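One-letter residues, chain by chain:
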Amino acid sequence: GAVVSQHPSRVICKSGTSVKIECRSLDFQATTMFWYRQFPKQSLMLMATSNEGSKATYEQGVEKDKFLINHASLTLSTLTVTSAHPEDSSFYICSAGGLDEQYFGPGTRLTVT
Amino acid sequence: RKEVEQDPGPFNVPEGATVAFNCTYSNSASQSFFWYRQDCRKEPKLLMSVYSSGNEDGRFTAQLNRASQYISLLIRDSKLSDSATYLCVVPRSGGSARQLTFGSGTQLTVLP
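So the sequences go chain by chain: A and B.
Counting in the working numbering, the first sequence runs without a single skipped number right up to 115 at its last residue.
Counting in the working numbering, the second sequence runs without a single skipped number right up to 115 at its last residue.
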């Protein structure tokens, strides 16, 4: 089946720094990718829709200036958490695919100290 | 009503048991429904898709009741490896069919 990779799998950073997370579709092209966030013991929440060659669309309550999304190619979307704070610590997961199935990346666990 | 609502769980069942999870959804226009499985600290993986009244795959059966806006997942002959969190997933109302709304999940532990 289709594979989506994410990098890094785990990152620990200091408060105030920025962190970039990459999401790649390995064997298919993805004009659209999705970014989700999952806090402990909660379900996945859609943060934004990443569109190749155009601006991302953000869900209500998600700050677009804080979570910068770039989708410069058909196989790569990046999410940059700018000026990270401890409350941004979470599990970030991307997905891509069609109507029948979304393939999820393995996730990036971000810890902000 | 929440977009997707699931049994709170957790469910602890012995090996070999039959267990059922329920899920209700609010968007009556939804045409597709999914059950995903998520293991601890891992990404969700698709277990079953449901487009009509139901779907069956081995020990797993999903049933859809559109009138009641209700989906269920039945697991027969539970195995230890079935222990996971089961997520009821529906395309987001008002959005692309690929934007998904996840239920809060039902945790299943199958005991030896």
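What the hints contain is simulated information worked out from the structure, not anything from laboratory work.
These figures come from a predicted structure and were not determined experimentally.
Some hints could be false.
Keeping only pairs whose Cα atoms sit at most 30 Å apart, straight-line, the calculated DSSO-like set for lysine-lysine is [as the list claims (entries may be wrong)]: (1) B:Lys82 - A:Lys16; (2) A:Lys16 - B:Lys5; (3) A:Lys68 - B:Lys48; (4) A:Lys22 - B:Lys82; (5) B:Lys45 - A:Lys57; (6) B:Lys82 - A:Lys66; (7) B:Lys5 - B:Lys45.
Stretch by stretch, here's where chain B covers chain A in the computed footprint (C-beta under 8 Å, at least three residues) [stated by the list, open to error]: (8) 17 to 29; (9) 93 to 101.
Partial selection, computed: residues in chain A whose CB lies under 7 Å from chain B [as the list claims (entries may be wrong)]: (10) Tyr60; (11) Gly63; (12) Ala74.
All C-beta atoms, glycine included, are put in the ideal place defined by N, C-alpha and C.
Checked hints:
1. For the given pair, lysine 82 (chain B) sits about 42 Å from lysine 16 (chain A) by alpha-carbon distance, which is inconsistent with the 30 Å threshold.
2. A hinted pair counts as satisfied when its Cα atoms are at most 30 Å apart, and lysine 16 (chain A) with lysine 5 (chain B) does not qualify at roughly 36 Å.
3. Distance check on the hinted pair: lysine 68 (chain A) and lysine 48 (chain B) sit about 29 Å apart at the alpha-carbon level, within 30 Å; holds.
4. The suggested pairing of lysine 22 (chain A) with lysine 82 (chain B) is violated, with an alpha-carbon distance near 39 Å, which exceeds 30 Å.
5. Between lysine 45 (chain B) and lysine 57 (chain A), the direct Cα distance comes to roughly 29 Å. Compliance with the 30 Å bound is thereby established for this hinted pair.
6. In summary, the hint linking lysine 82 (chain B) to lysine 66 (chain A) is not supported, as the alpha carbons are separated by about 44 Å, beyond the 30 Å threshold.
7. In summary, the hint linking lysine 5 (chain B) to lysine 45 (chain B) is supported, as the alpha carbons are separated by about 25 Å, within the 30 Å threshold.
8. Counting residues of the stretch 17 to 29 of chain A whose beta-carbon sits less than 8 Å from any beta-carbon of chain B gives 0, not enough to reach three: the coverage restraint is violated.
9. Counting residues of the stretch 93 to 101 of chain A whose C-beta sits closer than 8 Å to any C-beta of chain B gives 6, which meets the bar of three, so the coverage hint holds.
10. Proximity of tyrosine 60 (chain A) to chain B is violated relative to the hint, the smallest CB-CB distance being about 12 Å (cut-off 7 Å).
11. For glycine 63 (chain A), the interface hint is violated, since its Cβ never comes within 7 Å of a Cβ in chain B; the closest pair sits about 14 Å apart.
12. The beta carbon of alanine 74 (chain A) comes no nearer than 20 Å to any beta carbon in chain B, farther than 7 Å, and the hint placing it at the interface is violated.
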